[in-house]
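For chain A, the structure is supplied; the task is to place chain B on it using the hints.
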Amino acid sequence: GEQVEQLPSSLIVQEGASVLINCSYTDSASVYFPWYKQEPGKRLQFIIDIRSNMERKQNQRLTLLFDKKTKHLSLHITATQPGDSAIYFCSAKGFASALTFGSGTKVIVLP
Amino acid sequence: GPKVLQIPSHQIIDMGQMVTLNCDPVSNHLYFYWYKQILGQQMEFLVNFYNGKVMEKSKLFKDQFSVERPDGSYFTLKIQPTALEDSAVYFCASSLAPGTGIAQYFGPGTRLLVL
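Chains as they are written, first to last, in the working numbering: chain A, 127 to 237; chain B, 657 to 771.
Simulated from the structure, these hints should not be mistaken for laboratory data. Where hints are given, some of them may not hold.
[As the list claims (entries may be wrong)] Partial list, computed: chain B residues near chain A (C-beta under 10 Å): (1) Tyr691; (2) Glu700; (3) Phe701; (4) Ser714; (5) Phe721; (6) Tyr730; (7) Ala749; (8) Ser751; (9) Gly755; (10) Gly757; (11) Ala759; (12) Gln760; (13) Pro764; (14) Gly765.
[As the list claims (entries may be wrong)] Think about it this way: if two alpha-carbon atoms lie no more than 25 Å apart in a straight line, the pair counts; the simulated DSS-like pairs of lysine-lysine are: (15) B:Lys734 with A:Lys168; (16) A:Lys168 with B:Lys659; (17) B:Lys659 with A:Lys232; (18) B:Lys713 with B:Lys659.
Since the structure is predicted, the reported quantities are computational estimates derived from the model, not experimental observations. Where a beta carbon is used, it is the ideal one built from N, C-alpha and C, also for glycine.
Chain A extracted, bound-state conformation:
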């Protein structure tokens, strides 16, 4: 079945810096890749997604890049704020409904 690997597992940045989270998947049948954010003690929150027929998607300070050939995604967060501190999860979905999640990247933004 699908496997999703996410790196790094954690990172600490100063407020205002940028963050890059990498994600790779194994199943070429995966076509949809939503990303979620989980702040401490809170639920998973959908933040951005991309389909396999796209290469790039931007939502304010979030930019998601997708490379179908290498089965690789990267989430770039610019101008980070302390409120961006959370665990970020990438996920992959084929034509079945199940999402396969990565292990998460814990981001700490220092004020």
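Chain B only, in chain A's frame:
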């Protein structure tokens, strides 16, 4: 954004007992999901439910597990009997449709501890 509610937030039970986890999905959503996350591990898909039926299930969805949504009330995950390895956080999710490009919205999870 849309919110999925889960009740209870925590549950502690003895091995062999039955437990029911409750999920109140987003009001106009039609597809419902359960995911399981063991401490320190990745979240994994259990089951997808639509129109009163299980549509897909993973190998983690053991025979002791069942799901239902009677008369549009809570979407429930029942485990009977429970085992030690069922200790985990269970996340409910819902979506308008199962297709690609349709986001699943997650609840805050129910932390289940089986003693």
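Results of checking the hints against the structure:
no., hint, result
1, Tyr691, "8 Å, holds"
2, Glu700, "7 Å, holds"
3, Phe701, "4 Å, holds"
4, Ser714, "7 Å, holds"
5, Phe721, "15 Å, violated"
6, Tyr730, "17 Å, violated"
7, Ala749, "8 Å, holds"
8, Ser751, "8 Å, holds"
9, Gly755, "8 Å, holds"
10, Gly757, "6 Å, holds"
11, Ala759, "5 Å, holds"
12, Gln760, "6 Å, holds"
13, Pro764, "4 Å, holds"
14, Gly765, "7 Å, holds"
15, B:Lys734 with A:Lys168, "24 Å, holds"
16, A:Lys168 with B:Lys659, "12 Å, holds"
17, B:Lys659 with A:Lys232, "23 Å, holds"
18, B:Lys713 with B:Lys659, "24 Å, holds"
Going through the hint list in order, the structure does not satisfy hints 5, 6.
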